[in-house]
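Take the sequences, apply the hints, and build the full model.
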Amino acid sequence: MVGASILLASLVAGGAAGTSASCENILPAAHIPGVVRREITARDLIELRDIGHPDANIDEATPLALSPDGRSLAFVISRARTDENDYCRALVVVDLDRRRPPRIVDRGGELPIIEGVYRGMFVPTGYPAVVTPAWSPDGRWIAYLKQERSITQLWRARADGSGAEPVTHSPVDVESWTWSGDRLIFKSRPSQVAANRAIDREGRSGWLYDDRITPDVTWRPQLKVADIPLETFVVDPETGEVRAATSAEAERLPSEPMAGYPGNPVAISDDGRKAWTQRAGASPVSTNQIWVEDRTGDKIACPAAACEEGIRSLWWEKNGSALLFMRSEGWNRENTALYRWRPGSSTAELILRTNDALTGCLHGDGQLICIREDATTPRRIVAIDVGSGQSSMIFNPNPEFAAIKLGKVERLRWTNDRGLPAWGDLALPPDYDGRTRLPLVIVQYRSRGFLRGGIGDDYPIHLLAAHGFAVLSFQSPPHVSYAYPNLETFDDLNAVGRKDWAQRRSLLSAILAGIDLTISRGFADPARIGISGLSDGASTVAFALINTDRFAAAAISTCCTDPHTVMTYGGIAWAEWNRRVMGYPPASSDNSDFWRPRSLAVNAERIDTPLLMQLADSEAMLALETFTALREHGQPVEMYVFPGELHNKWQPAHRLAVYTRNIDWFDFWLRGYVDPDPSKSEQYERWRALRALVDEEPATGTAGP
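Letter by letter, the sequence shown follows residues 420 to 1124 in this note's numbering.
These are calculated hints, taken from the structure and not from any lab test.
List of simulated lysine-lysine pairs, DSSO-like, C-alpha gap at most 30 Å:
no. : residue 1 : residue 2
1   : Lys737    : Lys718
2   : Lys1099   : Lys824
3   : Lys737    : Lys693
4   : Lys693    : Lys718
Structural data, given as structure tokens:
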């Protein structure tokens, strides 16, 4: 279920007809004139052209599709329009030999939002869904999923750009699909219509408050996966005729609710042999190893050390002569490496090792076609020669970014107090002299690829650096449960991490060690350190404010883990999970000792670190316990709520506001800087009043960005 909710349609004006006239720059100009390098702006980041998921840390299904003749590539490109608060989208074809310029074969549609499955229910996440096109076997058509008016349908576009049309007219989202000759097989949940009508009827006499309801999101009961199963259909794109699929046809598509997320990698050779990975033990974090079927049909494991952990993708070379595989390896898996293994050999040949993020890779004739990015370079599509490992450009969606002046980014490595490896990318201001100690902001909690704004993209790293901050983009160490190989479920892992708050202590230790390293290198001023985060990162912020006094300012995008929040406001299902898995006490108990290391509300009397909360309206209720307690104790806290938002904020106008306010906040508290923009005068009046609550003078620094 990847379509956005009805709410999203009212916020993103719809479709091709409504956006095409002002989306002519969805592709870059053929020739970018040379310009003087300039400072980065918020719009430079928000309005980047994206292919696939904008965060390289989220390695979903590939957004790329290779034509049957291997000569062309199709993909959907997306670009935010900040002023209009929506997105331009287009289906694009690029020739691998680059003899012709990239061309649009269809345009329009809304940004589809993934609905995750949590405790058996569908919950919108705010993550953009990855749309993967596919060419028809004869290469004349490209089919793909396109959302209009909040419903995701299956479309097909002529590969020559001469037209596009919807193939399905489903009342609910089409979730997955594939070509079958000149027909298309797809899955959807037709029973969702009747299920929603039943909830509407129930509402006339009142909804029973039970485990279907998550009050922080909505009082309307959520649909459960088990109640609206996937069904498989076959459609003739020429006539539009739809029929139920046979069992053999249905087996061609996955039945999992979140089919867009890849599972264990699998590859099938030209002669039908299989390669796959399987775990050595029952634990979800146990070592995974490559296995293949040899030419006699026997199953053999790859004995090379490189075949035993961090495997991400597998591809057979022609005739099944060798297996290519990509893995994450090195210090806390900071590197991406490409190997070749010939079944029967005891070693694997290294082809390429890089700190760059490589995602969405496809195997072509003697090359991998991948999306590649690094800390200072946004993504582009490249071809990697599997003989030499050399990379060549296929398509750069953001050539204009070369004119933007960024500071140096340095990779730092360290261990925490448990000996677990961590690392971070330290972004410094352009033209930094290397001698001045700077205010430091921590951004969490993954740091692969181009540095945007951390998980959730709320804290723009390069933009903060341009304002005079050192920014440590933090890559979390392995979960503490990795030391327990006999655990069998994710619930078991969570329970280990919760005991004595072991995971929270491990993460805080890693962040403090990274800060100490940054200070010891002479980059950071120990009196002017800020911390930020969303989701697990926000939990780390809260734990840090309670258990250390190292931070002079903080900002979070979600909030909070408090006694009543986790056992009441999130609903019955979440409360039961917290009780059963995490061991949280009931809301009615008086157990402040249990919560003292973890809850901002319980510690509100002594938490005087200035705290900014910028929250989605679907989650803001979870912050009320903390906000109220801090406010009652006269602590410096401010909260904003964004309408129509989800766990990850997806609306461009909101992202601009969040970026701007977070920079203003850290500028005010860590640098003593006030933006002279008269439209912000009321903001600074409030913040001066907050500063008076703690009777502190602003930290001093440079006069302005």
